[in-house]
Amino acid sequence: MEHWIVYLLNGLYFASFLFLTSLGLSIILGVMGILNLAHGSLFAIGAFVAAWIVGAFGDNSPLTLFLVGLLAALGVAGVVGLALETSLIRPMYKRALEYQLLITFGALLLIEDLIKMIWGGTAYYASKPFTVMGNFGIGSNQYPFYFIFAMLISMAAGIGIWMVMSKTRVGIMLRSISMDREMAQAMGIQIGKLNTLAFGMGAALAGLAGALIVPTTPALLGIGMDPLILAFIVVVLGGLGSLKGALIGSLIVGETRSIGIVFFPEIELPLLFLIAVIILVFKPEGLFGR
Amino acid sequence: MGVKNAILKPKFLVYLGCFILLLFIPRVLPVYHLILFESGITFAIMALGFNLLLRYTGLLSFGHGALFAVGAYAVGMTGKYFPELYRIEILIPVALLASFVVSAIFGFICVRHTRVFFSILALALSMVLFALLVKLYNITGGSDGIHIELPVMFGKSFEGMKRFEFLSGAYYYLLICVFAAATIIMFAIVNSPFGKALQSIRDNEVRAEMIGIRVRRYRLYAFILSGLFTGLGGAMWSFVNGHVTPEIAEWVFSGEIVYMTLLGGFMVFEGPIIGAILFTYLRLYAVSITQYWMFLIGATLIILVLLLPEGITGGFVKLVSKMRRAPSTGVAQC
Amino acid sequence: MLRVKELKKDFGKVRIIDCAAFEVRADEIVSLVGPNGAGKTTLVNLISGHILPTSGRIEFLDRNITFASPYKRIKMGVARNFQITNLFLDSSVLDNVRTCLFSVYGKIKRGILPASYYRAITQEAIEILDLFGISEKKDLTPPNLSEGDKKILDTAMAFALKSKFLLLDEPTSGVATGDKFKVMDTIVSAIRREKMACMIIEHDMDIVSDYSDRVLVLSEGVIIANGKPKEIMEQDNVKEILFGVRA
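Residue numbers (the numbering used here), protein chains in the order written: chain A, 1 to 290; chain B, 1 to 334; chain C, 1 to 247.
Worth flagging that the hints you see were computed from the coordinates, not collected in a lab.
All C-beta atoms, glycine included, are put in the ideal place defined by N, C-alpha and C.
Pairwise CB distance ranges, derived in the manner of DEER restraints:
no.	chain 1	residue 1	chain 2	residue 2	range
1	B	Val101	C	Ala120	32 to 40 Å
2	B	His243	A	Thr86	41 to 49 Å
3	A	Ile259	C	Lys75	41 to 49 Å
4	A	Ala186	B	Ser143	51 to 59 Å
5	B	Leu174	A	Gly192	53 to 61 Å
6	A	Leu274	B	Gly169	40 to 48 Å
7	B	Val14	A	Thr86	41 to 49 Å
8	B	Thr114	A	Met163	27 to 35 Å
9	C	Lys182	A	Ala186	31 to 39 Å
10	A	Ile5	B	His243	41 to 49 Å
Reference excerpt, derived from the structure (chain C facing chain B, CB under 8 Å, subset only):
no.	residue
11	Ile74
12	Asn86
13	Leu87
14	Cys100
15	Phe102
16	Leu113
17	Pro114
With the rest of the complex left out, here is chain A:
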């Protein structure tokens, strides 16, 4: 029985990253209508930044370093996102959507090799924060505190985004753009600046997710590709542009993966994808889509 609690909690842990990544993807997709193929690379940037910071100063105060790392990951990924949007994506607004996809794909390739240039091809481990936090017992199993920490951070970010979107002026403007771009423009909302902001936000969320993962998984080249696909699956499952959809989608995918690994350890991605496809066959707009 207690095994199941552990599986469920593992699923929640996995869902936390998914949630952050897919929320970011969903914001960009909702506000700008662009599917950001470079999203996984922004995740990877976050992972490398955080892992590097934690490892760079020896074994001292790993928790503080990790917190710094989280913030740095958020910041760097966000800045890279802003740079991407202003330099590459903006000129593409007037062009067909396919060109925007191509540009983000080009960015993906660029960033992957940039990471290689900066950090080389080795793996960056940052497990200190994980071990330092220790475990607690669930029945006869040990469950890491770090997992709870990650879930809390993720929840905090989610609540933060929700509050920005519903309470602040900027958030409401962002939402109105995602609902009806022409109308928003007609009402005088500055689409350009808000687009940049949305992209930056989405990128920062991806970077944060990447940073959160390094205590359990080393930062490696290509670490961002699976999160990209999974985030996409979540967004498609949960329905476009919906925070609730991202949340529920992440939970479904997270738990399915966690339980699936127990029975079919090899089939991770294909299994998840199969489930997503089945749902899409019956409901092409996703579970909560518009």
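Fit chains B and C to the supplied structure of chain A, relying on the hints for placement.
Okay, now just chains B and C, sitting in the frame of chain A:
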């Protein structure tokens, strides 16, 4: 205007000329370059298939590497499990059949969605195939892949021959014929009423549905046709490369397919062919001077999209039409 | 040919179409007029299948099409043009019309020859373009056409579908005033020649009176008049709605 008239058109003569030239290439190129060129030709077949979707149906697929892999692995697995059937006359149809099945499945899933979702859904499906190819190592050889033996061609066995001899001899001519046939068939498809219907779907799917074209169904047909060509390219490539590994199903190769099509120019029918052949040489050259190959493709892709979105042939076409218009009288009319 | 019975359409709490009932006989040209916001385009959308009614019944050739998909209705013979032109932007004018013909003749599934080898169909496409006066522009693409020409092309495409019943939503809007009658002449003579029935949304009352067999006046979702142009234009309630003239 009949077939006779068409044959005498200048463009047709140019193509005929190119075909004849191609027949002489083995005498001109050193073996190493010849094999590279053959690689390029197999990519060209694949790129033709890819562009049917991109240019003529308006769908951008980031997962075509998987379809290429299906053709290649069809050859490999037949060799591994049914060595008695390892003849080229059987291998090509088998590869086409496998491509048909997988494209039908992929296509059915992908075409029901908007164009943007289509692109990344194709990417996701290709990643699934990649994962399966790697993890089911008992069947597929995993990340080691499968070695490709020289096939029996029309009754003649090449056992014992070195691969480069095989490739610079009989196989080259077979490949050129397959390439010519593929080009002719694709040309026919693109200009047929079916091709026109695809283009109307690309231009305005609402209106296309309104004039009685079932959009989803024809997109699926286009996807399957595209997959057939791509798989054929993969199968022909497997003999050239001698080995098939899961990497060809990965996203990087799918991205290279997009890249080479864009490089050559997707607006012109011949563009992808030129892009594919050019790309094979470019890649070899670039890999020899830097390890940051993805950075190069990424950067040049961005430059292409920003400055020369219609690729080399597109730029060429623009240049030609500018030159045609250039001689204008500078004298004002009184 | 077309029978509409007690058709109602609500959008939320707002009733856009209220108990519309009328008939259109084969080879009749009926104009649908009324002030802006009366619901004319909604009515056309209901007939073409782009919107489904809240209640009521639509019959075409004695068959119930109330909830049939647009695709089915096209196959049965109901075609329409669009107020905001809906063209194949990257294809030539010739191809725009020719693809419609290919669809009608079922060539899309069975044709394997290059499109230009279908000489009869290509010729017919050119003839249709000729009929509508835009055949010199056959190799241009729509972005290079004037607004009026785009409208004409849109109508030509609907015409090319050889339907039995044509729905035209303001076919002359955007056309230069001097050309309006020429365009209508073309369209109407083509329609009469093919013995199609037609329903036209039109604002220009001169065109309405010159070309219609019958006129339906729609105001706030209700059909307030149904009869020959001359007759209904004498009716007081019609005059008030259309011209703001109080008797």
